[in-house]
Structures are given as structure tokens and as C-alpha cells.
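*Asks:* Sequence:
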Amino acid sequence: MRYILFIFLFFYSNLVFTKSQDSPDLSVANRNAIEWNDWIINLKKNYEKKKKFKKNTLKYLDNLKLNKKVIDLDRKQPEFTINFNQYLKRNINDKKKNELKKKFVENKLLLKKIEKKYQVDGKVIMALWAIESSFGKYTGKFDIIRSLASLAFDGRRKDFFLKELEHALRIIDDGHIPKNQFLGSWAGAFGQTQFMPSTFHRYAIDFDGNNKINLFEKQDALASGANYLNLAGWDNKLYWGEKIKIELNNDLRNLSDRKKFKNLKYWENYGIILKNKYNEDDLLRLIIPDSDDNQCYLVTKNFDVILDWNRSNYFALTVFLLSNEID
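Counted the way this note's numbering counts, the sequence shown spans residues 1 to 327.
Just so you know, the hints here were simulated from the structure itself, not pulled from any lab data. Check the hints yourself; a few may be wrong.
Stated by the list, open to error - Derived pair list, reagent style SDA-like, types lysine to any residue, alpha-carbon separation capped at 25 angstroms:
#1 137 / 155
#2 52 / 245
#3 212 / 181
#4 218 / 327
#5 69 / 163
#6 163 / 56
#7 265 / 230
#8 89 / 134
#9 212 / 237
#10 44 / 176
#11 163 / 46
#12 123 / 265
#13 51 / 134
#14 123 / 163
#15 212 / 146
#16 245 / 256
#17 68 / 50
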């Protein structure tokens, strides 16, 4: 899922940016010593030898063309990002908020079923759905198999993309998603919740009861997102946190950098008046996004659960702030 953030940043790289702590590692790729066609042939032979897949699945490797566009996109990821205020404006606006509230009402029964089974706040699931695919409207148009094979061949993250390719072929092999529907982001994320293939195999579930797991279908996608958060440690009785006013100093910045949780009394000693209700034993930590006005937030461990989904403070804060708009 972090790859979706990189796509977003690429399209806005003509703006003036500030350095991001979440910048991707753009180390020089380890170029392959053999040509693309020979590499594909060897890859297929290896799969055939290990008898990993059906013949009908492996045929999708035949005549597969290298996609230079995804390699270019991978190499041209910016080493910077827009600031937090700019990021918020692009993800939380009147149009998005109105659509979010409308979709929440339309899907209330489904969300109640999902929340009952997985104990994850339906409003957070809605916010993730909004950010990841604009409620399923934009899931990507890149051929997943071709993209992952091209990125593995390029070599910058060869082992990672080879594993994702194998997971992707397994999805087809098991009959979950037809090959002609298996489209997504240039980096291999797909479906309405933009799972990578390995994430699919860890967390995706069949919620509509048709014995297939298809993340292009709303029920499976939203329930799979809830299952992900549940297994990642979501506590549905715990509020995520809130924006605060605090006079920053070096000690607080160091505390934020070290991601140290402190109890309510510790934060109240700084004169902070918390708006939301927390239990006495709840722990919170300080988040200082790279904004131009030193915005500060206190967050609970549920924040880190969203970071497990996408390791960006901008993304996690936006998910929660957007989910608050439903109220």
C-alpha cells in the first residue's frame, strides 16, 4: 500500500516540496546480465520444475513484454514530498467529505456486519476506501503480472518483486481473480483497498460467500481491510487521538522521534486539555508531521496499526482526520 503514496507524489512533483522522512530508497538497480526474453523463459522453467502453478497460469508469462514505463516510474519517484497541509488539502476537501458521508450511509448495513465480525471502526474503513481507490473508482490500469515481472527483472528490489509476482500468479492459479481483471497500480497494488499480492494472501477474505476472494468487489475489499487492521492489533475501544496545542522543545521533539508512549498525566503536565475521553491507563505518543506550522497530535497505538498499512505519518493522520468527518 505505500506504493500508492509514491504514485501520488509523482504526479505532483512539479510543485515546491520539502524533504520527506518517508522518501523511497532509489538505489541503483542491479542490472540483469541476460535479456528480458531469456529471463522470462528461465523464470517459467523454474516454476515448471518446481510444479508451482498450472499450465494455464504459466501461459500468461508467454510473450510477456517488458514494461519500461513502470521501471521509469520506479526510478523517478521523488526524493521529497509535499508538506502535510498540502497533502491534507488534496485528500480532505468538500467534495471528498460529502461523498464520504453519502457512501457511509449507503453502506451502513455492510459496515455494521464487518465491524461486528472484525471489531474495527467502520468509519476508518470508509476513510481507507476513500483514500486508496476513491471508493473503488480508481484501482489502476497496469497489468499486475507484467508490472511485477518488469520490476523484478529491473533488479532494484528483485527479491521483493519476485515474491510478489509469485503471489500474484497464485491468485490467478487459485481462480480468485480473472487475468483480464487483474489490473492495478504500476507497483503491483490492486483492488479497492490496494493490497499487494502478498498482503492479499495474508489478510484477504471471502466476505460475500462465493468461495472467491476478489478485492475488486466491495464486500470482499472492505472486509479484507478490516481483517488486516484487526490482525495488526486494532483496538476498537480505543480512540485514535487528536490534534493538540503544545509548546515544542528539544525534549518533546526527541520524544516524538523515539516514538515513546506516555500516560495521560504526563501530557496533562504540559497543560494539554484533551477533548476526547481516554481511560486512565491509555498511552499516547506525540506526532509532529512535517508541516510548515508545527502541527502536533497525540495518538494511541491504533495510529501505529494504520502505519502498518502504510508507513507514512501523513497517510495515517489523514485516514483518521477523514474518518472524523463522518461524525
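*Asks:* If you check each hint against the structure, which ones fail?
*Replies:* Failing hints, ascending: 1, 2, 7, 9, 12, 13, 14, 17.
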